[in-house]
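J.: Next come the chains, spelled out residue by residue.
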Amino acid sequence: MALAVGCRARPGKARDNKTGSWRVFKPVFDHEKCSKCGMCSTLCPEGCIHEDAEGFFDPDYTYCKGCGICANECPKEAIAMKQEEK
Amino acid sequence: MMEITEGSHAIAEAVRLCRPQVISAYPITPQTHIVEALADFVANCQLDAEYITVENELSALSACIGASAAGSRTYSATTSQGLALMFEVCFNAAGMRLPIIMSIANRALGAPLSIWNDQQDSISLRDSGWLQFYAEDNQEATDLHLLAYKVAEDHSIQLPAFVCFDGFILSHTYEPVDMLTQEDVDKYLPKFNPYERLDAADPISFGMYATPEYYPEFRYEMDQAQKRAKDVIAKAGKEFGTMFGRDYSALIEGYRLEDADTAIVAMGSICGTIKDAIDEMRVEGKKVGLLKIRVFRPFPSEEIAKMLSHVKRVAVLDKNISLGAKGATVIEVRDALYGSSIPVKGYVLGLGGRDVRKKDIKEIVALSEKGQGDIFYGLRKELI
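For the record, the sequence lines run as chains C and U. Here the first sequence is numbered in our numbering, starting from 1 and rising by one per residue. Here the second sequence is numbered in our numbering, starting from 1 and rising by one per residue.
Certain hints may be false.
A few chain U residues facing chain C, derived, Cβ under 10 Å [what the hints assert, rightly or not]:
no.: 1; residue: G95
no.: 2; residue: R97
no.: 3; residue: L98
no.: 4; residue: Q158
no.: 5; residue: D202
no.: 6; residue: P203
no.: 7; residue: I204
no.: 8; residue: S205
no.: 9; residue: G207
no.: 10; residue: M208
no.: 11; residue: Y209
no.: 12; residue: A210
no.: 13; residue: E213
no.: 14; residue: Y214
no.: 15; residue: Y215
no.: 16; residue: E221
If you're looking for bench data, these hints aren't it; they were derived computationally from the structure. Even for Gly, the Cβ is constructed at its ideal location relative to N, Cα and C.
Extracted from the complex, chain C is given alone in its bound form:
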């Protein structure tokens, strides 16, 4: 893909920026402990934690930077940050 002159971009361009590659620690969600409160999704700075049909939450690893805010804030301690082997 050729570069846009002056790094100009149309709306939605940030989706091309796959920030998941930045991750060192990966949040792993334990649905057994989850109370479906949605705090993780609300506080995720990347906006990449989505609710599934059953009301559970999971991150989109394509964009999750591994910041750990979800794990830190989860009232049920249902999210564990695990070092990722790449």
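Got chain C sorted already, so can you dock chain U onto it with the hints?
T.: This is chain U only, laid out in the frame that chain C set:
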């Protein structure tokens, strides 16, 4: 039509004829007369432009970025500390590939405070991506504004440009200048046709974020645009010559250089003094010539190497100093001549408005003949 006019007023008139739609500037000596004149033009309905008054230079150039991105032909002017305050905005304007034209009435940088001329201000922004033109006299300073718009706005370039002229020495001096008419300028410089522009109906952002996977390629593209500018300047400069009789197709100019043993390399108003000194030295039998650099960015390395290939020695005059190294021009001229056996010596002079006279030029030629150089020329020994 020839007019006897102050450099600043000739430049302001040339800018008016270029029909900028947005001007934003902050007054600073010795640039003030230019922006005062332009403010008058706008107030008196002699120029249909938005003149944005701001609190400082950083805001002035930021306003120009917005205006240029919105699709306006945009103008600013500054010098010295004002340009220093624009440092980060300069890099953004170039990175966003916005063809803003800015006049630089070259002045020394503080501390110590100096309102007088040298070229440290624009030289210090040589790496910012802006094209840099340097004028020898007020005619050239005036004409280069038209050329700068023509080149900067070319879709194969899309880079901003400084038009530099020595503060006070040119900006405040009355000289005869051939003033072009609106009809002339309209023929040479068509309406600004932005490659892309801000438009609420079709949103776009300028100068977005680039990860390490993309950043080097953006810088490479800017460097390529700088290099392409050589050909675009040649074409636009030739067209200027055809239309108005003054040819600016060459990035460098030789004066009595064809059979010279000693070549002096210089930029700006000092070239006039050098030409007079050369004429006198020629009468005395000394084969001296001048290579004048009109375009410092893109730097005409190959052109310089070709034009100097026959000389015995080169003396490069710098009205700037990269402290801890050498003058910026001598570093680049030496790089241009790398691999040749021609000795190149640098002379830093004229800093902070120290006068440079014909006798100084002759003394520098004598020093270069003795192989002495890479010095601050003309220091007052009793002070150090």
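J.: Identify every previously stated hint that the structure contradicts and give their numbers, smallest first.
T.: none
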